[in-house]
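What follows is each chain in one-letter form.
Protein chains: 2
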Amino acid sequence: MDAAEFRRRGKEMVDLIADYLENIEQRPVYPDVEPGYLRSLIPEEAPEEPDTYEDVVKDIERVIMPGAASPACTELETVMMDWLGKMLKLPEDFIAGTHGQGGGVIQGTASEATLVALLAARSRAVRMILASDPQRPETGITSKLVAYSSDQAHCSVERAGMIAGVRMKKIPTEQSDKYAVQGETLRRMIQEDKAAGLIPFYFCATLGTTPSCAFDHITELGPICNAEKIWMHIDAAYAGSSFICPEFRPLLNGIEFADSFNFNPHKWLLVNFDCSTMWVRKRSDLIGAFKMDPLYLKHDHQESGRYFYTDNSLFRSLKMWFVFRMYGLKGLQDYIRKHVELAKEFESLVRADQRFEISADVVLGLVCFRLKGSNEVNETLLKRINNGRKIHLVPCQLSGQFVLRFAVCARTTESRHIREAWRLITQLAEEVMQELPH
Amino acid sequence: MDAAEFRRRGKEMVDLIADYLENIEQRPVYPDVEPGYLRSLIPEEAPEEPDTYEDVVKDIERVIMPGAASPACTELETVMMDWLGKMLKLPEDFIAGTHGQGGGVIQGTASEATLVALLAARSRAVRMILASDPQRPETGITSKLVAYSSDQAHCSVERAGMIAGVRMKKIPTEQSDKYAVQGETLRRMIQEDKAAGLIPFYFCATLGTTPSCAFDHITELGPICNAEKIWMHIDAAYAGSSFICPEFRPLLNGIEFADSFNFNPHKWLLVNFDCSTMWVRKRSDLIGAFKMDPLYLKHDHQESGRYFYTDNSLFRSLKMWFVFRMYGLKGLQDYIRKHVELAKEFESLVRADQRFEISADVVLGLVCFRLKGSNEVNETLLKRINNGRKIHLVPCQLSGQFVLRFAVCARTTESRHIREAWRLITQLAEEVMQELPH
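Just so you know, the protein sequences line up as chains P and E, in that order.
In the working numbering, each residue's number is its place in the first sequence (first place is 1) plus 1291.
In the working numbering, each residue's number is its place in the second sequence (first place is 1) plus 1291.
Relax, there's no trap hidden among the hints.
If several chains are the same, the list does not tell them apart, and a pair holds so long as it fits within one copy or across any two.
As a list, the in silico DSS-like pairs of lysine-lysine whose alpha-carbon atoms are at most 30 Å apart:
hint, residue 1, residue 2
1, Lys1610, Lys1573
2, Lys1435, Lys1485
3, Lys1681, Lys1349
4, Lys1621, Lys1380
5, Lys1573, Lys1380
6, Lys1589, Lys1460
7, Lys1681, Lys1589
For the record, the hints were derived by calculation from the structure and aren't laboratory data.
Given only the sequences and the hints, what does the whole structure look like? Please build it.
So, in structure tokens, the structure goes:
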């Protein structure tokens, strides 16, 4: 949608909202629908090609209004999570459908999803241990639990451990392994911890780490977790969007061993913040960990088993529905591919310049690079770039090296922006290298 | 703003967004401002009388754009929390100003605020105990901690205890005490728990409970918590908005003993969801409990001490700024008062009908009432009302009685809606009473 169409559609939408508010008294206060009403009104999968805007807007009255705000919000969320799950070719276990035990729910951020999965895992672990040893005090169990994640994982994983009050151990990674957690390392840590009387219960794998977009080896790690009854959560916050493209989907192989999986369509799938999509293999693991049952939250369909998130009445899925239909699967795939191509273009420019080096494989839209030389010269270069206020880079540390990260992530980025950024970076690099002693 | 003006302003706003996006390349990528830049550009307090819409919109370019999305979002949030804190006449300790140690932050929900306060309290308690007994293992401390809240508190308080992995005890309340937690009861429970080797560390007081809008006696409870070094959090999710009116402000007396305080402007102060405002006496208690320090989150102003929430870059305060200015303090006070008057009008209708009784004091916009008679007849009446789909009531239990709750909470509610609702309720009550055996 270009700016001219945005102006026209935006103004139509203002009128639609005003009409709704002016006539709200004509509408029933409470909807007259049965659980599952919405699923039959829309297709089972996202369209390949874009729908027209008119069709999308017409469906608000046809599909949403009969279900009012609630339960329409819950029903649309369940179906949108199925649409997106199918776009990613998630295993059938993660799709709610009409009879599945798994399914998806929208969280605010990947940090939230990591925490929710950790709490569900903690609750499951305590339940399993109490089942075999009912006399054991619960606080005694919690103090023995141990969770794991990569030393490359986002800091929110460590924070989730602090919040839940459980040990969170960092698994060391190596440059030679491309900063991916290896099965052998995890296996050894588990054995050592068990020998010391601890109870391993949760592993957070990362697909696409923040520093360098590294991918943990989940095909190796998953079976270890399954054998040890460890909950495997996959955090693919950034990289997850790319899995809608067949050529990137192999990066998600191993998902069949996971208990939960999360990524952020608000990062790279054109859905506005906040929209962090999380799937679980067993909805009951999540519901059971947080269940509360006061009279003021009871409703007639309590026992239908249809509603995954009765405590959650936000309408967060409308924007997914609009985006998936306005772009179509093909449009979204094109968008991902364009960003990866632009990152590759930047990588070529870096590789063609002998003064620079690439610091990690360029798999998606992130390019880690640096001037060959000291950390100091690279820190100075970064400061100079950011002080220019024309482009903005966020650094990372890889094996003790200070590294610059060039991320392609804006909707309107084109090749000319890449070339302009590189021109600016090389110009500043020249200045820095002339000023600093070698 | 009426519908006609909404249409006009809404369309102007669509053009403003389109203009911004079309010309975005002319703007600097990174802002060139110093910490605290925003505070000097706007008044220190919310206006008494409404500003004009034109002035509000002009200020976007003057105040927000120079600070881009970030840090403008953080700076505006700090100042808006000060504005609102001053509207509530919070003690000076809770106002950030330019040199204060306290201040406010926007959370998503009151449930989130309760949890955040509990985690900060847990962290403070562990720190204090380790300071006097450095050898004590941390997991041993957590397993001895005990938190308290009213048996009338929202279920999210209990859930916060589950998430944090600490004991949460419910303090019993009585009908004769209007369902308020009494100082004597809390004191006794603390003494018993300390005698049993537990460590009391957190009390969540409620001002305006969900079932009946009851108010805990914080002037009595606060000094007990202070003497015992127990963190007192005040959850005033619904009632808090009313404290901007001088006649309701006494309900907040005792706030001077609290460590943290929270209410939801998205419930009753015309700010759209989500906007749950939380103040703490010491920002460092909150920051310290969650601090993470990876390279990718570092910035130049890290040590300025100005930024309360460096990890939080959402623009959640713009809507507060708009609402406070478009209504002015007086407009917001009128809005609160009108709802309370409408609730009192409903209360009079109930009291004038001998078949009904009022089940709890009507302090704000909630009326708890029931048919004199069995729970069964009241449950049947509620079903009949909600099945009619013209009004919707949520029930509660008070001292074993099934009670109907009539809540005035929509922006456009008028006296005629109250009378129409009562006509409908009495008509259905007659039907129910004729059908059921006495």
